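Visitor: Take a look at the letters that make up each chain.
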Amino acid sequence: MSQPVNYSDRPWLDPEAEPFIKVQSVSKHFGDFTAVDSVDLEIYKGELFSLLGGSGCGKTTLLRMLAGFETPSSGSIVIDGVNMNNVPPYERPVNMMFQSYALFPHMTVENNVAYGLKRDGVARSEIGRRVADMLSMVELTRFAKRKPHQLSGGQRQRVALARALVKQPKVLLLDEPLGALDKRLRDQTQYELMNIQERLGVTFVVVTHDQEEAMTLSTRIAVMDAGRFMQIGTPTEIYEFPNSRLVAEFIGNANMFEGRVTENGPDHVAVEGKNPKCDFYIDHGMSIAEGTKVWIALRPEKIRISKEKPANSDTNSVRGMVHDIGYLGGTSTYRVKVGDDHLVEITSTNQSRPKDGNPPIDWDEEVFLYWEPSSSVVLTK
Amino acid sequence: MSAPAEAVLPAEQTLPGRLRQRLLYLVQHHWRGLVLAIPFGWLLIFFLAPFFIVMKISVAETIIASPPFTPMIDWVSDGIMHVRIVIDNYAYLWEDDLYVNTYLNSLKISTISTILCLLLGYPISYAIVRSSHTTKHILLMLIILPFWTSFLLRVYAWMGILADQGLINDFIRWLGYEPIRLLYTQTAVYIGIVYTYVPFMILPLYANMEKLDWELLEAAADLGARPMTTFFTVTLPMTLPGIIAGSLLVFIPATGEYVIPDLLGGGNVLMIGRVLYNEFNANVDWPVASAVAIALLLVLVLPMMLYQHIQGKEVEGK
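If you're matching them up, the sequences are chains B and V in order. Each residue of the first sequence is one higher than the last, beginning at 1 in the numbering used here. Each residue of the second sequence is one higher than the last, beginning at 382 in the numbering used here.
Honestly, the hints are just simulated from the structure, not real lab data. None of these values were measured; they are calculated from a predicted model. Beta carbons: idealized from backbone N, C-alpha and C, even for Gly. Some hints could be false.
Said to hold, decoys possible - Which bits of chain V does chain B cover? Going by a derived footprint, with three or more residues having C-beta under 8 Å, they are:
#1 591-599
#2 602-613
Claimed, not checked - Listed next, the in silico EDC-like pairs over lysine to aspartate or glutamate satisfying Cα-Cα at most 20 Å (straight line):
#3 B:Lys302 to B:Glu263
#4 B:Lys118 to V:Asp455
#5 B:Lys277 to B:Glu263
#6 B:Lys147 to V:Asp594
#7 B:Lys381 to B:Glu240
#8 B:Lys170 to V:Glu599
#9 B:Lys147 to V:Glu596
One chain only, chain V, in its complex shape:
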């Protein structure tokens, strides 16, 4: 690698010329670092900084002011700095049954939804992978197609389908039966979450199954394994990375889901996203809302770390 030639032209000895040379040197010798700086900068500005702001608010106290929380640092007088960290908000979350129950309910709903998505998504991915080349592309297109309409619009459509005067109940009435209550129930929330997130299960599973060596299944059959045994001893272990990736992609956003429980569950289904929204908007209690958010983050970070750990082992095994 040749160092940039010493300035020969007088123009490059002027200050802007030098600056340009400096920049050029930087780009030539540190381009790797520069390329990496872009995503890191992005994460810093749009993820890490907001995270610390929320963290800061979560250890403040509510006041009636704008913004509605106490500052972390007060300058009392004579250069005395007063740092106020209130952990009451977190204690409050733990002490009040409402929050604990809501977290547990959110986790229950997202866990069951993830399992339902897996039960639905696994055979769908399998069928897509096993279909012919042209059908495969059409089916994948159909999986992605709903993303072309607004998510909110699709949830509203479900309201229309599930409502007391909606599509399903109209049909039940037409058959001559009593209508059933669907909208604003837990069932409606499950329907909404599974409907919305099943593509996030299918796509990673598809990507994983696409790489599966189908001859392994023939080898298992050849060695005397019935189809069910082959599935549990070969197919399932081979597709485990896809199952984990898909499950996390469903589980994490489903836990913090706000729109679906709000629109389809009404007031009957408590999920942490809704509680957070209420604390923030209705109660104008930003510190508690922030504490709720941080606690949610902790709840979700655990499965992610677990996944990282498993993936790390996987890479080691390869």
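Excised from the complex, chain B in its bound form:
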């Protein structure tokens, strides 16, 4: 008997777990335009799930269908075992935090937060208590009597969050929750959101176009494009093992090399690059026919740069000329011209200060680029 696996942090891997939100072949058409194209999705209880994609990819439409503001043209949405297709927004066990926050301008902060509880007919004393609790959680107790226009952007964001959470929804939908905040506030709020989510155990579904936001916040990410999911996975899976060029290029930076499979062993794949002409050796097997045209994706930080020729320069190595250097303090970004005018980006940590005996890499210098056999990702689409 094998030891029982603890799936509490990764419920999507548990074959026994019942998904909390089930999106089943849902499509949404607006006239001729297909915003969401027959997608399937399963989100588990307590997840912080991100829908990531550029504008017009259908992520907001999908979120609005979860909230009930749009009805699917086909397919069904099930939340906690209940089919939501004919359930109006005001009867769904979900609450939404709007991108614009949509705070009621004619009500005080307190009344904004209390609005949802009043609609549910909660007793007056309990409303007072829960609103006060919520406001103290988002540290807005002092501002309870203010109107939204008397608050800063970050404070409004917190009112919106408090208003959406006070009803203790089963699912909290967040539409670009940090979009309207400045950089410093974003970083801070991001972790606050994660803490709140962890403490309350509410399932979060976040829509964002910001990959950094999605990476730090989420348990899992669904990358969307043209109304479809390109890939669904943990931030690590999506970053380290993108399944397509689109995902690789959307999440972080990736250098793409076109090539052809020359050898397909059980534990390795060899690819011959087209430009630059170099051999790639990948140390894991893939079900891929020899001769197939593929792309190799290599993350900038996975490539090493050196002025000396590496020991094994037959594979996973290429010679080039430094075209550009961006010194960022902690790291440097090099752009190296290889093969026939192909620019490769390399990020390298500046671990040691440049010394006399070891001069830093300079413009127009000849350098060698090399990487581990496990670093490259073979993409077929």
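Chain B is already provided as a structure; the job is to place chain V on it using the hints.
Guide: This is chain V only, laid out in the frame that chain B set:
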């Protein structure tokens, strides 16, 4: 800012040259005041001055002469000035039931008309705001279109529609029923006033609703508010400024309305505009007519001040 250069050319030292320089200085340094002087001048000549003339007549006495009222100031003799202010006219308005009742009836008719305009105009504005871009413009055009024909002509058209031998009664007869009396009734006056003034309700409401953030309604629904609750807790409070503006634009002119009650109400509907007209033309009692007008103004100034007060608070709140 540089002061105008001292006159160098001899021509500018001549009198017209100096005058021109003076004017130029005035325009350059006091243009704000000059720009404001135009509307103020307009109000002074066409509003304030007539107001004081009417006020003056309202405290005079009727005489058979031309003009038919006593002058306010008499020069008796030896430089003695005799100022005559008669407040009898106002007392008369208060004492005679006819006037009090007519004021009350006018206020009743304009209040009910305003409510009817609001009940009709609110859903229309809402529908216009929610319609697509092209439909929106067509619908707005249709609201404004009646203004292209004379108001009087449109009221006459209503006479044709409401008359005993008119369009509606012809139709009722064709259906085989007894015709009903419409023209020269209170109903006809309501129809006329609501028809005429509903655009003045729709347009300010439209302007207000156009700025409404529809996401607020989604937020309310998301928080568990049914459509009706959303309407009363979010939509209505958010559109209140539009409701007030539209209501005043209907209420104020409707109270003093003369043409509609005269043409559609005949002698059966007493409104203050008609009384004023009769005092002035039939009775040739200018002082009482003026007193009626001033009293009407006072009746209307109150809701306007109320509106100003509410708006002031609104601005404070923003």
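Visitor: Determine for every hint whether it applies to the structure shown.
Guide: Checked hints:
Restraint check on the stretch 591-599 of chain V versus chain B: 4 residues with Cβ-Cβ distances below 8 Å, three needed, restraint holds. For the stretch 602-613 of chain V, the stated coverage by chain B is satisfied: 7 residues place a CB nearer than 8 Å to a CB of that chain, which reaches the threshold of 3. Of the supplied pair hints, the one linking lysine 302 (chain B) and glutamate 263 (chain B) is violated, its CA atoms being roughly 23 Å apart against a limit of 20 Å. For the given pair, lysine 118 (chain B) sits about 72 Å from aspartate 455 (chain V) by alpha-carbon distance, which is inconsistent with the 20 Å threshold.
For the given pair, lysine 277 (chain B) sits about 16 Å from glutamate 263 (chain B) by alpha-carbon distance, which is consistent with the 20 Å threshold. Restraint check for lysine 147 (chain B) and aspartate 594 (chain V): the C-alpha separation of about 16 Å stays at or below 20 Å, so the hint holds. Annotation: proposed proximity of lysine 381 (chain B) to glutamate 240 (chain B) holds, straight-line Cα distance about 16 Å (limit 20 Å). With a CA separation close to 19 Å, the supplied pair lysine 170 (chain B) and glutamate 599 (chain V) stays within the 20 Å bound.
Only pairs whose Cα atoms come within 20 Å are accepted, and lysine 147 (chain B) paired with glutamate 596 (chain V) is accepted, the gap being roughly 18 Å.
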